[in-house]
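Go by the hints and put chains P and F onto chain D.
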Amino acid sequence: MKRLVFTLPIVIVLVLGGFLLWGLNPGRNPSEIPSVLISQPVPQFQLASIEGVGVPGLSTDDVAQAGEVVVVNVFASWCVPCRAEHAVLTRLVRQDGVRLMGINYKDKPEDARRWLDDLGNPYERIGSDLDGRAGIEWGISGVPETFIVGADGLVLFRYVGPVTGPKAEAKFMQALEQAQAQAIESAAEPAQAMAESSS
Amino acid sequence: MIKKSLITLSVLLAMTLPANAVEPDEILEDAVLETRARDLSRQVRCVVCQNQDIDSSNAGVARDLRILVRERLTEGDSDPEVLAYLVARYGDYVLFKPPWKPITYALWLAPGVMIIFGGIAVLFVLFSTRRRRNSTENLSDADEAEIAEIIEKSATKKNMVEN
Amino acid sequence: MTPEIGQFALSLALVLAVIQSILPMFGAARGNMLWMQSARSTALGQALFVAVAFAALMRSFIISDFTVVNVVENSNSLQPMLFKVAGTWGSHEGSLLLWVLILAIFGLGVALFGSNIPAALRARTLSVQAWISVGFLSFLLLTSNPFERVFPAPLDGTDLNPLLQDFGLAIHPPLLYFGYVGFSIVFSFAVAALIEGRVDAAWARWVRPWTLAAWISLTAGIALGSWWAYYELGWGGWWFWDPVENVSFMPWLLGTALLHSAIVTEKRGAFKSWTILLAILTFSLSLLGTFIVRSGVLTSVHAFAVDPERGFYILGLLGLSIGGSLALYAWRAPAMEGGGLFAPVSREAGLLINNLLLVVAAGIVLFGTLYPLILEAVTGDKISVGPPFFNASFIPVMLPLIFLMGIGPFLSWKRADLRGILQRLAVIAVISVLIALGSWYLTTGGPALAIISIALAIWLLLATAREWAMRIKLFNAPLAESLRRARNLPRAAHGMSLAHAGMAIAILGFVGSSAWKSEEIVFVTPGSSIHIAGFDVRFDGTERVPGPNYVADRGTLVVTKDGVPVTTLYPERRYYPVAQSTTTESAIRQTLAGDLYASLSTPAAEGATEGAWTLRILYEPLVNFIWIGSILLCFGGGLSLSDRRLRIGAPRPKAKTRKTQSAPLATPAE
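Protein chains in written order, with my numbering: chain D, 1 to 199; chain P, 1 to 163; chain F, 1 to 670.
In isolation and in its complexed conformation, chain D is listed as follows (with noise of 0.2 Å):
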């Protein structure tokens, strides 16, 4: 009994030890936080369009009642890897025909219209969050920051930072294909019932 008693310590100390060998794993990132959102529905809000830039200003119907797989970016003309990032979802949009829409947090209007009349606009929709709200609303920490909402309007999968680079590129292509995958299969369910009661 006294033995065990004096073993207490190295058997606490060893079982810390593990937590601490377990944080140092080097993919763990300890100020990242996980989104609450993943499986809610599309967030609430409602914000006007950036004047000028030819594209209407977004809103949650405009997300979950897409019908379809939509990709919603954080993004602003004040954030310097938003620019690599544009790069990639241009190529998104006009290779892979996804949805893209955009949220421009914190950014003055006619900033935001020259950095899109510079690098382009592959948004379709493009929301002016100018006081941060709506930000707060997706629960974003920074910018940029990149969701993928399926198309039953629930938030599916979320991104932190640039899209750019090759893990990051492959990670969302994945939650990508998965998102679009789910999308086929629901449609496909009334489909195919419609299918078998008609027979």
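No lab work stands behind these hints: they were computed from the structure.
Treat each hint with caution, since some may be false.
[As the list claims (entries may be wrong)] Which chain F residues face chain D? A few, computed with CB under 8 Å, are given here:
#, residue
1, 291
2, 295
3, 315
4, 323
5, 334
6, 370
Yeah, the Cβ is synthetic: ideal placement off N, Cα and C, and Gly gets one too.
Here is chains P and F on its own, set in the frame of chain D:
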């Protein structure tokens, strides 16, 4: 690399002006509500900073959250409701006071458990000492004989020294 | 050339450390005096070479040698000399070099001043110390070399982080590390004793001065860190339960428990295995702290640059040292004999409860700090554990301790008369409650916890004073008699009273500045005036003031009270062009009653009036009691350290004295 610079950027932003960050234009007219706002802000973690509350962080998001907290309070939310509003958007991470839920039972109960176990151990030591002490009151016969021998020897020695 | 000398010196130190970790240990096992004595030379050599390396790095900073990467990243030619020197330890590599230097210094200390310690124990202790040195020197050389060069050298450095360009920085790390790392020698003593298989009162006596030295330094280091945060960061707070703060506080808690437990081992031969465990755990927590600060496992404002590779190495070192020592403990400690018996009410019992509360407090801080990590590992959930948790769980454990601290010194060894003591203290209890109620009245109903804490702090202060007065029969005998008694009282007794009194005063400071702080935050333009805590503060505008490596906007605040001028405050906002960052320098008016604390910043709101500034003024009552109390704590420790008994040496076996005397000193009654 870019992610690293983003982190560096936000760290630098958080580190500049690490002063108490509430701005005069945020302060509510109602002193009671303002006190509540300050107390709540001290419990809310700034999501872009390295372990600071929104009351003392200068980050833009921190200011937005401070204003949001005051807005909710003016609309009549109670303190738990304001915090719940933030948790709905950012998760439990944003609370400096861990909520009382199954995943934090261990945390909140730990101090009590430690005191109880420690207390029991201490009581054990204190009162087993008494037991031990009581038990040494009777010496065995062999011990008695040994002691008698030692006393005799030292008595002889003393005689020798004194002579 | 200097950096190369530095690096070479480090390698030499490593070689000596390797020798020291093997030879003396074997020497002690075999009784080989020569091998055991070798520790003295290797310890000297180690300290010398590490000092050379440290001096080499410091010289590189002083002459602004930008071929050294560390200097580039932490210095700048425009930086004031004080901060160039302090930059030596302002980075991960540099501070680690400081770590190793202090490790070597303590080893040298034992080698030079430990002549009263038996040769075998001393040799083993120095070997264990060398094991730690080997670990950290190799870590330094292999992963965190401060002498890495860069060619071609950049034209200038990137400047030390402006937040760190402060006098407090110059002193805080060395002091803190002296304490933090100083506990290494106590750890080495404990492991050596376990290897030897013997722990006794003498061991506790030898270890005491080293424990005290480390503890005093750690107390000063933590207090200084808090003070620095207080006046530098601008929000008037001095403790945030940040992980890095916590990891310096835990060794302090256990170190205090160790100091008290060692007294029992020394005086009564009891608590042996517990004291040994505390000695091991105190330094283990220091090592844990080193790991947490440098590995990036937890987020903190204080943490050094994140690097998982270094984290793995340190964790390995931790595993070997903490794991090894505790395994040795589990194996050897059960064989240690128990010591003197004592009643449930006695000084021993009091110290046992003292230890219980301190260890539980440390356990709470440890668990709270690591919980987010543990939870994330187990369920993937991310939560934060901040001041609300720590305050709610730590303070209730400390309050009974403060109460007991008042009674403790009155308790006698083996068996104490509790009723008599409580009777003697009854008046003091009443006074404490009255004062507390008075403060409740004055502050128009402060928080209940604050009032209770005030009562307890006053209780502790008065009870400590009462005990000291009783010992020297103050007011109970002629003054000359009291003075004589005071002079003859061992210094350690004075030290204890002073330290406990210091704690009481510090607690008054903790309570006053947290519970009754007042604050005003306003937009000001030249001429505006605000009112706080009975003072009138008028803002007279700002002027641009250049500094050595910054440009500052300095504001002028004229403070009056009822029309009578009190002082003028000059808060600044500084912009550092090289680092491209801004800091706020607050202006503080310090008095015993409280601090008036002002800081300026540019308004964040758009549409604010041109030329307007945001002025923050805080009034912090009694905050200076914290620093005063801390100083008293350190002085108390220092007094104890200077006690003659610690220098006379180990208690010598009685046989020697008898031989030198013709008649026996004290004979048992015949």
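These are the hints, each one checked on the structure:
1. 291: 7 Å, holds
2. 295: 6 Å, holds
3. 315: OK, holds: residue 315/F within 8 Å of chain D, min 6 Å.
4. 323: 6 Å, holds
5. 334: The hint holds - residue 334/F has a Cβ within 8 Å of chain D, the shortest such distance being about 5 Å.
6. 370: Hint holds; residue 370/F Cβ to chain D Cβ min 7 Å, cut 8 Å.
The structure agrees with every numbered hint stated previously.
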